[in-house]
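Top line first, the protein sequences correspond to chains Y and F.
The first sequence maps to residues 1 to 521 in my numbering.
The second sequence maps to residues 1 to 112 in my numbering.
Treat the hints with caution; some may be incorrect.
Short, incomplete list of chain Y residues facing chain F, as computed with Cβ under 10 Å [to be verified]:
hint : residue
1    : Lys321
2    : Ala325
3    : Ser327
4    : Pro329
5    : Ile333
6    : Leu378
7    : Lys385
8    : Lys386
9    : Asp388
10   : Ser390
11   : Asn394
12   : Val427
13   : Asp434
14   : Lys437
30 Å max Cα-Cα, derived DSS-like pairs, lysine-lysine [claimed, not checked]:
hint : chain 1 : residue 1 : chain 2 : residue 2
15   : F       : Lys5      : Y       : Lys385
16   : Y       : Lys386    : F       : Lys9
17   : F       : Lys107    : Y       : Lys152
18   : Y       : Lys152    : F       : Lys60
19   : F       : Lys60     : Y       : Lys385
20   : Y       : Lys386    : F       : Lys17
21   : F       : Lys12     : Y       : Lys386
22   : F       : Lys5      : F       : Lys85
23   : Y       : Lys314    : F       : Lys40
24   : F       : Lys85     : Y       : Lys386
25   : Y       : Lys151    : F       : Lys40
26   : F       : Lys5      : Y       : Lys321
27   : Y       : Lys386    : F       : Lys5
28   : F       : Lys9      : Y       : Lys151
29   : F       : Lys40     : Y       : Lys312
30   : F       : Lys12     : Y       : Lys314
These are computed hints drawn from the structure, not numbers from a lab.
Cβ coordinates follow ideal geometry from the N, Cα and C atoms, glycine included.
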Amino acid sequence: MNTKLAKTIILGAAPFKFLLLAVALFLSYSSPALADENASDDFDIAAELESLEASLPSASEEEKEGIEGQISTLQYAIDNYIPLSSGFTEDGDGAGDILAGYLGLSGGVGTEYEYGFDFYTTSTLWTCIAAALVFLMHLGFATLESGLCQKKNVVNVLFKNVFIISIGVVTYALIGFNTHYPLGDWGIVDNWLSIGGPFNPPDGDFGGSDLSYGPGVGLCMTGYGDFIFQAMFAATGATIVSGAVAERVKLSSFMIFAVVFVALAYPIAGSWHWGGGWLASMDFKDFAGSTVVHAFGGFGALACVLVLGPRKGKYTENGIKPIPAHSFPLAAIGVFLLMFGWYGFNGGSVLSADPGNVSLVFTTTTIAAGAGALGAILASWVLLKKPDLSMGLNGILAGLVGITANADIVTIFDSILIGGIAGVIVVLSIMFLDKSKIDDPVGAISVHGVCGIWGTLACAFFGGSDFMVQLIGAVAVSVFAFVFAYVVFAALKATIGVRVSEEEEERGLDISEHGQESYTS
Amino acid sequence: MKLIKAIIKPFKLEEVKDALSEIGVEGMTVSEVKGFGRQKGHTEIYRGSEYTVDFLPKVKLEIAVSDDLLNKVIDAIVNASQTGKIGDGKVFVLPLEEAVRIRTGEKGDDVL
């Protein structure tokens, strides 16, 4: 009967599919790509090669090197069947141009490496993978925050995390991306403020899957690739706040705050630098967002915590009464997941598959994380008599935040210092905030706010950036985030309230806000 | 019939259980409890702030015994769970009016 035949086909399909895939892969790697005949209408490669060679004798010494580099690039591309399907175009944005640019930046390594990869495809692929890794950081945040809070508030913490990533990516598509990247077309105030519309590029017009979007070595991907990578960043800013206000914030107020914070404040602050605004024109350096993501989130969190107040019973007349974490395993898993995701956060911020930069950034990021943990362990052990696991975990994150601004311009030794100092700073900051009766259950203000500023300034100390410019940028974004958050949160407090009642806080937000228990046994 | 409630240190549970089965006790109920006596709590530290934990984890055993076995059981519990250090625990004896086996409905000493 038909069912038996159908079963055989379905059972048999899987092995056949794999076989087909293997054959397809083998063929695609072993056979040269077919050059598109029409593309060379734009540029005749052979003619270009000829004219370069003809220009050699009459060129100056400096020019000679450049021309010889171009010649060897072309020759190498031809010999190794580098796909030149978009050829060399007059705008300089074809796959061939990318290759030439890449080889030039790598100091003409050309013939030493055997690679037939399409740099553009690899870069886009890497960007998409990096976006997925940054998404994983939300899993890390969720796990870390639930580990560090009390058992009776776990559902609430997780719910906030689910909401933030969801509203983050959706608002980024509807308004965030184009607000973040006005690209010279500032709607309201030049270099300061522009509110954009939905991200919906028709093919061929900057973005979408048009292959000519960002075709340099510094930005090499499709428009959708750029969008999705940046979209994952956007939600991390708001989620920093969720940890600091945990266990006593009113859910609906927080949701309203998160929407405007991620949809408006984050892209506006980011547009000043990555969007080509006034900070960019001052040569402000912030590689992956120590200022525009971490300090932004950290100081927004500070504002909210000041408006919200501490958890009940934390600060008594007899001193600080700690509210310990309910699950250290969850917290540790969260931190390791965050570190794993950071490879996408920093590694993807290279915005291409440039092997030199990506491998450098992976290295400096890792070293800084380790040094951060060591710095925090040392500081907490000396100051607090016993080695504190939560401080060690915060130390890893502090090191990562510290290196985020400068991962591509520092050495390994610099990374050790940047991370180590961040680890010490975070411990001091956590203790200082507690002494000042500013209740931060997860240390978000210290890890992201304070260490974000440190990472930004480290660009000047270790990376050769201008100190005043770095300071101005860090302070400007932090103040903006603080004021924005303060105004919104204070307005919410005056209208619908931002805090649950004392009874609800004692009972736990899981029951009072959600009617659910986190662990039913 | 008597009901024995014994509070012991948690790590002594296996030893006490083995000692009791040797003398013929066939059942018990065990719960994890918290408590303190003259052994005060201890201090813990979290993110730089110290706090005292007054309640210590203990294990409570409840054993129903017939009168003739009572003293043997008490001795077995005390000997097996004793460490000589503060916090060893206590044994309480309560009179037990009735005992019923749910499966069969039997009552009395045979049930223990």
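Now the hints, each set against the structure:
no. : hint                : verdict
1   : Lys321              : holds (6 Å)
2   : Ala325              : holds (8 Å)
3   : Ser327              : violated (14 Å)
4   : Pro329              : violated (16 Å)
5   : Ile333              : violated (19 Å)
6   : Leu378              : violated (15 Å)
7   : Lys385              : holds (7 Å)
8   : Lys386              : holds (6 Å)
9   : Asp388              : holds (6 Å)
10  : Ser390              : holds (6 Å)
11  : Asn394              : holds (9 Å)
12  : Val427              : holds (8 Å)
13  : Asp434              : holds (7 Å)
14  : Lys437              : violated (12 Å)
15  : Lys5/F - Lys385/Y   : violated (40 Å)
16  : Lys386/Y - Lys9/F   : holds (26 Å)
17  : Lys107/F - Lys152/Y : violated (43 Å)
18  : Lys152/Y - Lys60/F  : holds (26 Å)
19  : Lys60/F - Lys385/Y  : violated (34 Å)
20  : Lys386/Y - Lys17/F  : violated (37 Å)
21  : Lys12/F - Lys386/Y  : holds (29 Å)
22  : Lys5/F - Lys85/F    : holds (20 Å)
23  : Lys314/Y - Lys40/F  : holds (23 Å)
24  : Lys85/F - Lys386/Y  : holds (26 Å)
25  : Lys151/Y - Lys40/F  : holds (26 Å)
26  : Lys5/F - Lys321/Y   : violated (35 Å)
27  : Lys386/Y - Lys5/F   : violated (38 Å)
28  : Lys9/F - Lys151/Y   : holds (26 Å)
29  : Lys40/F - Lys312/Y  : holds (26 Å)
30  : Lys12/F - Lys314/Y  : violated (36 Å)
Hints 3, 4, 5, 6, 14, 15, 17, 19, 20, 26, 27, 30, counting from the list given before, are not met by this structure.
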